[in-house]
Amino acid sequence: ETGVTQSPTHLIKTRGQQVTLRCSSQSGHNTVSWYQQALGQGPQFIFQYYREEENGRGNFPPRFSGLQFPNYSSELNVNALELDDSALYLCASSLRAGMAANYGYTFGSGTRLTVV
Amino acid sequence: AQRVTQPEKLLSVFKGAPVELKCNYSYSGSPELFWYVQYSRQRLQLLLRHISRESIKGFTADLNKGETSFHLKKPFAQEEDSAMYYCALKMGGGNKLTFGTGTQLKVEL
Chain S
374 ETGVTQSPTH
384 LIKTRGQQVT
394 LRCSSQSGHN
404 TVSWYQQALG
414 QGPQFIFQYY
424 REEENGRGNF
434 PPRFSGLQFP
444 NYSSELNVNA
454 LELDDSALYL
464 CASSLRAGMA
474 ANYGYTFGSG
484 TRLTVV
Chain Y
1033 AQRVTQPEKL
1043 LSVFKGAPVE
1053 LKCNYSYSGS
1063 PELFWYVQYS
1073 RQRLQLLLRH
1083 ISRESIKGFT
1093 ADLNKGETSF
1103 HLKKPFAQEE
1113 DSAMYYCALK
1123 MGGGNKLTFG
1133 TGTQLKVEL
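Residue numbers (the working numbering), protein chains in the order written: chain S, 374 to 489; chain Y, 1033 to 1141.
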């Protein structure tokens, strides 16, 4: 059984650029959630995808968007990067959307994004 | 809006001493509470859930709706308990977790 894998592990981008982060969910998991973790803070919910559709969104602007593919892998896209977007981005997969948090997410190691 | 407060950024205890990591939440509905743990160089992982009323690695947590608290406790701390602990809240029927800012537990010999 494989866990959640994220790529890349580290990334440096310039303000105004666009970035795509990738996530492969744990085998058998059909729901993927993305979290942003700023330094010294807890993870903040960005959005969740289930069956290739967005299934809930946190307080993030539209320039944060995502995709889920038929194999349940997912992408997080951020346009017009700002300095405050610098953070650790975590992907988490789970078995069922409605029960996602109940049984616990499986988290990836994250992608460290630095915007300069 | 829902909120999770972990008042201590760092908690240092000696090995064998009792541990209590505090967590308070604000939410008017029926909450579901969780503790997540992140050991050094490892991923964030679920430690325990209030709905299962379980004890994991000697840790327990009781949901106190009157005090809106979900403190994590262990009677005798061990060196391997040193880690970052996050309390998290899920609104009933929702699909997102709201995390606290975390407490770094350091168990000293």
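These are computed hints drawn from the structure, not numbers from a lab.
Heads up, a few of these hints could be off.
[What the hints assert, rightly or not] Chain Y side only, calculated, beta carbon under 10 Å to chain S, not exhaustive:
#1 LEU1043
#2 LYS1054
#3 TYR1057
#4 GLN1070
#5 TYR1071
#6 LEU1078
#7 LYS1128
#8 PHE1131
Beta carbons: idealized from backbone N, C-alpha and C, even for Gly.
Each hint, compared with the structure:
1. LEU1043: Violated, about 16 Å.
2. LYS1054: Constraint on LYS1054(Y) not satisfied, violated at 14 Å.
3. TYR1057: violated (13 Å)
4. GLN1070: holds (9 Å)
5. TYR1071: Since the shortest Cβ distance to chain S is 12 Å, the answer is violated.
6. LEU1078: Interface hint status for LEU1078(Y): holds (3 Å vs cutoff 10 Å).
7. LYS1128: Hint on LYS1128(Y): holds, closest Cβ of chain S at ~4 Å, below 10 Å.
8. PHE1131: holds (3 Å)
The structure fails hints 1, 2, 3, 5 (numbered hints given earlier, in ascending order).
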